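Participant: Protein sequence lines correspond, in order, to chains A and B.
Every letter in the first sequence is one number past the one before it in the numbering used here, and letter 240, counting from 1, is 254.
Every letter in the second sequence is one number past the one before it in the numbering used here, and letter 1, counting from 1, is 37.
Bear in mind the hints are in silico, worked out from the structure with no lab data behind them.
Please note that a few of the clues may not be correct.
As the list claims (entries may be wrong) - Listed below are the simulated EDC-like cross-link pairs for lysine to aspartate or glutamate, each with C-alpha atoms no more than 20 Å apart in a straight line:
1) B:K241 <-> A:D180
2) B:K241 <-> A:D191
3) B:K39 <-> A:E61
4) B:K39 <-> A:E182
5) B:K39 <-> A:D180
6) B:K241 <-> A:E182
Just so it is clear, the structure is predicted and the values come from calculations on it, not from any experiment.
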Amino acid sequence: MILYATIEAAMYAAMRKAATTIPPDVEDALRKALAEETDPLARQHLEVSLENAASAAQGDGLVCGDTGFPLYFVTAGSGTVIEGGFGALWEAARSATARCTSDSLLRPTMVDPLTRTNPGDNVGTGMPKVELVFCGGGDGLEIIAAPKGGGSEIFGTFYRMLFPADGETGIKAFVLDCIRAGCYAGKICPPAIVGVGIGGTADLCMQLAKRAAVLRPVGSRNPQPRVAEMEQGLLAAARRLGIGPMGSRGINAVIGLHIETAFTHTAALPVAVNAQCLVGRRWTALVSADGGTRLSG
Amino acid sequence: MGKTVVDLQLPLSEEDARGLKLGDMVTVTGIVFTGRSRFHIRAVEESILPPLDFERINCFFHVGPVMRQEDGQWQIVSIEPTSSIRFERYGADVVRKLNLRTLIGKTTMGLRTAAALAEVGGVYLSKIGVCGNQLARQVREVRAVHFLDELGKTEATWVLDVERFGPFFVAMDAHGNSYFEQLGADIRSLLPEVRHDLGIPEGFKLTNVNACEVQDLTHVRGLENER
Numbered sequence: 015m016i017l018y019a020t021i022e023a024a025m026y027a028a029m030r031k032a033a034t035t036i037p038p039d040v041e042d043a044l045r046k047a048l049a050e051e052t053d054p055l056a057r058q059h060l061e062v063s064l065e066n067a068a069s070a071a072q073g074d075g076l077v078c079g080d081t082g083f084p085l086y087f088v089t090a091g092s093g094t095v096i097e098g099g100f101g102a103l104w105e106a107a108r109s110a111t112a113r114c115t116s117d118s119l120l121r122p123t124m125v126d127p128l129t130r131t132n133p134g135d136n137v138g139t140g141m142p143k144v145e146l147v148f149c150g151g152g153d154g155l156e157i158i159a160a161p162k163g164g165g166s167e168i169f170g171t172f173y174r175m176l177f178p179a180d181g182e183t184g185i186k187a188f189v190l191d192c193i194r195a196g197c198y199a200g201k202i203c204p205p206a207i208v209g210v211g212i213g214g215t216a217d218l219c220m221q222l223a224k225r226a227a228v229l230r231p232v233g234s235r236n237p238q239p240r241v242a243e244m245e246q247g248l249l250a251a252a253r254r255l256g257i258g259p260m261g262s263r264g265i266n267a268v269i270g271l272h273i274e275t276a277f278t279h280t281a282a283l284p285v286a287v288n289a290q291c292l293v294g295r296r297w298t299a300l301v302s303a304d305g306g307t308r309l310s311g
Numbered sequence: 037m038g039k040t041v042v043d044l045q046l047p048l049s050e051e052d053a054r055g056l057k058l059g060d061m062v063t064v065t066g067i068v069f070t071g072r073s074r075f076h077i078r079a080v081e082e083s084i085l086p087p088l089d090f091e092r093i094n095c096f097f098h099v100g101p102v103m104r105q106e107d108g109q110w111q112i113v114s115i116e117p118t119s120s121i122r123f124e125r126y127g128a129d130v131v132r133k134l135n136l137r138t139l140i141g142k143t144t145m146g147l148r149t150a151a152a153l154a155e156v157g158g159v160y161l162s163k164i165g166v167c168g169n170q171l172a173r174q175v176r177e178v179r180a181v182h183f184l185d186e187l188g189k190t191e192a193t194w195v196l197d198v199e200r201f202g203p204f205f206v207a208m209d210a211h212g213n214s215y216f217e218q219l220g221a222d223i224r225s226l227l228p229e230v231r232h233d234l235g236i237p238e239g240f241k242l243t244n245v246n247a248c249e250v251q252d253l254t255h256v257r258g259l260e261n262e263r
């Protein structure tokens, strides 16, 4: 049985690490982008961002001062047993988030949508968000903490119900428009990681897009050849829009374009886009059944 | 690093503001005050303003800093400029009301704010990359905080004494010009070829299930700027 205290500590550790260190695959992609850009402003946007991340990793400041929405993506196995039951995951997430906020690792950013009241600890109705999925027969827990920045979530979220007659051409036209709309003037903080969901219901479609943007390694390819081909085609197109880092003149509006699909209604072709910003914050805590915890980027 | 960086003394004079060109790299030295959505809405809708001498403290920094209190002293952990375009509904009114010569933020603002800046002789400075840790080190002193109890640390107005704060680039000058508006024209010119090479036929449109009688509902579908 995995103890509540172990889970809370793992969530805190993963969120702390995510707030202070960019994942290695994201950093590699940013360095690759820097090697490609020639416009002085485009280069400076990347150089400053990498310098900022380095200072955060050394204990001075944060990866980004907008620590955004506190998200936890949890994967359990069918053999996983948790002290207090699975509901304890939500209590652990609330506690870890409040501790991270009081330690100034997260900015108090979550407010009531109508009264705009800010409790000061990022804890309220529906927040932090915990998404639990089950995969395989294991007995451990994978916890990915992602403080998701406001820019990418606020300006980089799109959904539209397309129709079978719109086809792949329609998907490409829609996604390209979303990328242009999000990247113009640097709103989603490019170079962005763009997640695309195709199929499902509206909520499943957006969930696919969010997971594609936040969880997949940058530049990974969907195992379905037809989908992988669309990923590559859209990424190549995004690189020719003339938009670079933070909306400057350049190439790297997008450094990763990930598509996930789900079966949908025969009458429907839902498409969702969710962007992740250039710092791509996420960190994983793997908790084994004996209580051992290992962090990885 | 690119262009030479010029350090501007705050409050910015109209002459200094009028002399700046789009794309110029600058830092600022002097006193800035902070605010976000709540500042804008309250300033215009309720005439609630912090008790500041806006002639002297005239640089409005769009930001919600991450703050930490140690031994009663406020410390800045990180201070990342926030997206100013969110405030466009109120931006021009606030610029005129406070006669603002300097705005600092992320991205840019719209044409109404550009026109207001041209009127008062003010500029909009946009951040370079993700820079909140560097900017935190350039704050000499946290002078004061207003509305902390009502608005919390993120939306409160902080008054900061900064030195060689930046760099930023001039994204809107004091003559009504916008860096991103000009860049947008170049980007649009590249689009037809990109769409063509993706296999999107000229004039292609997504199926519109509302035909023409409810065209005003375009925004409901989630992509306001579609053709």
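Participant: Check the structure against each numbered hint from earlier and tell me which ones fail, lowest number first.
Facilitator: When the structure is compared with the hints, numbers 4, 5 turn out to be violated.
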